[in-house]
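K.L.:
Given only the sequences and the hints, what does the whole structure look like? Please build it.
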Amino acid sequence: MLNLFASLVPLLVFFLLWDMLSRGKEDWRPAFLSAAVAWGVLLTLITELLSLFRAIAFWPLLGAWCFSLVMVFLAWRKSVLGKPLATNFALGSRFELFLLMGSLFIAGTVGLIALVAPPNTWDAMTYHLGRVVHWMQNKSVAHYPTHILRQLYMPPWSEFAILHFQILSGADRLANGIQWFSMLGSAIGASCLAGRLGADRRGQIFSAVVSMTIPMGILQGSSTQNDYVTAFWLTCFVYSLFVMRERSDARSALACGASLGLAMLTKATAYIYAFPFLLGASWLLLRAFGGRGFLLLSITAFVALTINLGHFLRNTDLFSNPLGLMQEDRVGHYTIQYRVSNEVLSIPVLLSNLVRNAAIHLSTPSTPINLFFERGVISLHGVLGISPHDPRTTLPLGARFEITDTWFNEDSTGNLLHFALLTASIFVLAWKRGQSREVRLYNLGLIAAFLVFSLSLKWQPFHSRLQLPWFVLGSPVIGVVLGGERRKWAANAILGLLLVGALPWVFFNKARPLAAPQNIFNTPREVQYFRARHSPYSRAVQLLPDPDCKQIGLYLDLDSGEYPFWVLLYQRLGRDVRIEAVNVENISARKYADWPAFTPCAVLAINPLAADDFQVNGRAYAVYQRTKFVTILTPR
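Residue numbering for the sequence shown follows this note's numbering, beginning at 1 and increasing consecutively.
Everything labelled a hint here was simulated from the structure, so no lab data went into it. Among the hints, erroneous ones may be present.
[As the list claims (entries may be wrong)] Lysine-lysine pairs mimicking DSS-like chemistry, simulated, CA-CA at most 27 angstroms apart:
| no. | residue 1 | residue 2 |
| --- | --- | --- |
| 1 | Lys-628 | Lys-550 |
| 2 | Lys-628 | Lys-510 |
| 3 | Lys-78 | Lys-25 |
| 4 | Lys-591 | Lys-139 |
| 5 | Lys-550 | Lys-591 |
| 6 | Lys-83 | Lys-25 |
| 7 | Lys-550 | Lys-139 |
| 8 | Lys-488 | Lys-432 |
[Said to hold, decoys possible] What follows is a set of in silico ranges between Cβ atoms, one per label pair, in the way DEER data are often shown:
| no. | residue 1 | residue 2 | range |
| --- | --- | --- | --- |
| 9 | Phe-5 | Asp-405 | 44 to 50 angstroms |
| 10 | Ala-622 | Leu-354 | 52 to 58 angstroms |
| 11 | Lys-488 | Gly-290 | 41 to 47 angstroms |
Just so you know, even glycine gets a beta-carbon here, dropped at the ideal spot from N, CA and C.
P.N.:
See below:
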């Protein structure tokens, strides 16, 4: 009961903030976005302050949130007196009601999956949740020795939120909820943006439905990835740009900087998507307000950088770069060199990446159709005089461009209908006369964001996942075009198709299926952690010779699923077990000096890394047992 109460306290803080900010307003949606941003900043502040004292633990966290709850409650009680609740709850037409109910069904079902299924995205197993359990053990978000450097330098906000709920609830049941909440928030934000672009209620509802039915979004909405969280903060940021342009006051600049800072602290792709919109807004502000506009932009930049200060300092201390690694080199136990940015910049490279990034969304369940599209893209590259597999513009190393059946895969599924609609809507707004300056600039921002994305990053078969924020930000454009369509039956048919067509992604998520012989309800939770990759560690953990051994070393490679080791070791040995990476060879080995000395009584090594002459801190270890995936080593 204590854990249940503790996990509810942060949610109560959010709902009080939302109610306080929406009182007396006709629209509750902007208040939802503002409350989320304020809550996100508060969570960041609590995390960074407690981390300084290595005090990230149950009671300090609960105390910080209870104190926040009291402060917010006092402010709420003072501000809501005499103010009515937000009033825009009027129902529209039957079709609009159908769209809203359908969207709520999708959201509710995805929420159920998020609650029932354990986190099992492979990135979560390697670094999203791998870093969370290290922070829990260290009681700090300071950098530590690890074989998986992504646990250190990647932006951490989404994991900050998971950290809080995992400590307060005592389990990872709520870990998927951060993305699910962001899915809801993104739909609400998309409808707000549509309103700013001139859409009526119908167009705003359309925008929310378009956002809610993105296939990649549906799959990610029940995961511990962070692309939806990034999309939500970017939606808040772009909306706040509209508000700052209208009000031109310090409060709106603070909100703008806070939402931008949270996006930057969540994922590096936020820099790419935010840049064109910030550039357009800066031009408008400077043109309209001159020096005052410069001051507002300065406040925005200062707040955004301040929110990221802790992470920037930790990265600068270890990597001599606030963003961390630009290129990974000598990582783990073998040499690998790669960079995520394009190594060559040219018009053919830009066109190549544009075509390949678009082709991701042409995937179908039909192999002949996929081959037809694939051959077309390859032929076009022949005209461009560039290889579609060029390692200077392609990741991972050795990858070849191809279009395969990626439906229901949360790492690579395409958004065929949404891509077609968004592309068509962008062209309609670009060529249609009489558009407002805001609509034209927003449309240009979307186009520029896709161009910058394609010019900056090497193509990957997983780019559909990274493009999720672009589709969320594009949803208002689709809503504006379809909401203003004179042939309402055509627009209604398209929206109905999107809603019904989204259902397969709801039920047949490969990582967390509802409708499958082995689904989230009849498959043991322990097994579901490994659904993304078939490398279970449970046998190795059960074979540990001494149940009283509380010092476990992990010897991993850079793509090992570390988090399941922690779950299984907690079950086998209890929560007082200490787990550390041993014999780290990369740059994070410098951090051994910052933490207490560690000599394990057993080491779990991913095959085939373990050698017969294995040593840790001068102590020799011998192979005790080998399993298919893991070798157990014990002191000689």
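K.L.:
Return the numbers of the hints above that this structure violates; sort them in rising order.
P.N.:
Of the numbered hints, all hold.
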